[in-house]
Amino acid sequence: MEKQELLSKLGGKLFLSSMMGYSDGRFCAQRGRGCAMVQLGAYLAEPPAYGKAECVLPPTRKECVRFLEKEFEEVNKLLDAVACVNVATPKLEWGLEALESVSEAGGVFELNIHGGYEPYLKQGKIRAMVLPGNREELFEWLDTFSDLRTPMIVKFREGVIEDYTPILERVESLGFLVHFNVRDEKERRPDFDFVKKIKRRHDIFLLASGYVRSPEDARKLFEAGADMVGIAEPAIADPEFAKKISGGI
Numbered sequence: 001m002e003k004q005e006l007l008s009k010l011g012g013k014l015f016l017s018s019m020m021g022y023s024d025g026r027f028c029a030q031r032g033r034g035c036a037m038v039q040l041g042a043y044l045a046e047p048p049a050y051g052k053a054e055c056v057l058p059p060t061r062k063e064c065v066r067f068l069e070k071e072f073e074e075v076n077k078l079l080d081a082v083a084c085v086n087v088a089t090p091k092l093e094w095g096l097e098a099l100e101s102v103s104e105a106g107g108v109f110e111l112n113i114h115g116g117y118e119p120y121l122k123q124g125k126i127r128a129m130v131l132p133g134n135r136e137e138l139f140e141w142l143d144t145f146s147d148l149r150t151p152m153i154v155k156f157r158e159g160v161i162e163d164y165t166p167i168l169e170r171v172e173s174l175g176f177l178v179h180f181n182v183r184d185e186k187e188r189r190p191d192f193d194f195v196k197k198i199k200r201r202h203d204i205f206l207l208a209s210g211y212v213r214s215p216e217d218a219r220k221l222f223e224a225g226a227d228m229v230g231i232a233e234p235a236i237a238d239p240e241f242a243k244k245i246s247g248g249i
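Quick note: the working numbering has the sequence shown finishing at residue 249, numbered continuously throughout.
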């Protein structure tokens, strides 16, 4: 799917954000009513760990594409929505292979620079990549992913570093979509001011998720400049949660 076509489908809509431990296509589709995109994951792209750890993508391109096609089919049975896969990986080449598999299967790839998976953090990967000492490698990854010219999302978490400006300038220049978890742990609500600051400074398509608990939360995120608003944790227990939020905006 071309980037502009993707943006036209997603802009101004809700999405089901990836839910840790809940990656089944049918389960996620049931909770994605009212959403324009449903994210599956978080998955790991680490072929040697397949069968040894949970939520690891199949190790070969053919197996991975076949697996993802089946998961996307479960989404498409219930929804007219874009299927997206959130993926963390410790190696660039595994991430590139995962992106190509997701794209071939008909979905959108989200690179996880957000999570707290300890084995990867120890290697300076996922959200540790935004730290100054690891940032050169992050930029190398982003540049290489952009060479594939496939629309993709890069997911970050607010609060890991104080200033994301250098990273977002690089992301903006490469044309990626950006997903931020903007949950304010102290206030237990989305950080609306953080979204405003990002959109004032950067011309990016911004997905925002984290602590969205009401239609008002979603409205305020859109008003702050978010291009999409994500629902996650409450939808696990309430399959109609996203639909309720959508109907109340």
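Where hints are given, some of them may not hold.
[What the hints assert, rightly or not] Cβ-Cβ distance ranges computed for the label pairs, FRET-style:
1) Glu-93 <-> Glu-118: 33 to 39 Å
2) Asp-147 <-> Lys-186: 23 to 29 Å
3) Gly-21 <-> Lys-186: 34 to 40 Å
4) Lys-199 <-> Lys-52: 24 to 30 Å
5) Pro-132 <-> Leu-7: 30 to 36 Å
6) Pro-59 <-> Lys-199: 23 to 29 Å
7) Asp-24 <-> Glu-118: 36 to 42 Å
8) Ser-173 <-> Glu-93: 22 to 28 Å
9) Leu-92 <-> Ser-173: 37 to 43 Å
10) Ser-173 <-> Glu-104: 23 to 29 Å
Since the hints were derived computationally from the structure, they do not count as laboratory data. Predicted model only: the values in this text are computed from it and were never measured. Quick reminder that beta carbons are idealized off the backbone N, C-alpha and C, glycines included.
Status of the hints after comparison with the structure:
1. Against the hinted window of 33 to 39 Å, the Cβ-Cβ separation of Glu-93 and Glu-118 comes to about 22 Å, which falls outside the hint.
2. Checked against the hint of 23 to 29 Å, the C-beta distance between Asp-147 and Lys-186 comes to roughly 40 Å, which is inconsistent with it.
3. Taking the beta carbon of each, Gly-21 and Lys-186 are about 25 Å apart, not inside 34 to 40 Å as hinted.
4. Between Lys-199 and Lys-52 the beta carbon distance is about 42 Å. The supplied range of 24 to 30 Å is therefore violated.
5. Look at Pro-132 against Leu-7: about 32 Å separates their beta carbons, and that is inside 30 to 36 Å.
6. For the pair Pro-59 and Lys-199, the beta carbons lie near 40 Å from each other, so the given range of 23 to 29 Å is not met.
7. Distance hint check for Asp-24 and Glu-118: the Cβ-Cβ separation is about 24 Å, which falls outside the suggested range of 36 to 42 Å.
8. Taking 22 to 28 Å as the suggested C-beta distance range, the pair Ser-173 and Glu-93 conforms, at roughly 23 Å.
9. With their beta carbons about 19 Å apart, Leu-92 and Ser-173 fall outside the hinted range of 37 to 43 Å.
10. Checking the proposed 23 to 29 Å range against Ser-173 and Glu-104 shows it holds: the Cβ atoms sit about 27 Å from each other.
Of the hints listed earlier, those the structure fails to meet are numbers 1, 2, 3, 4, 6, 7 and 9, in rising order.
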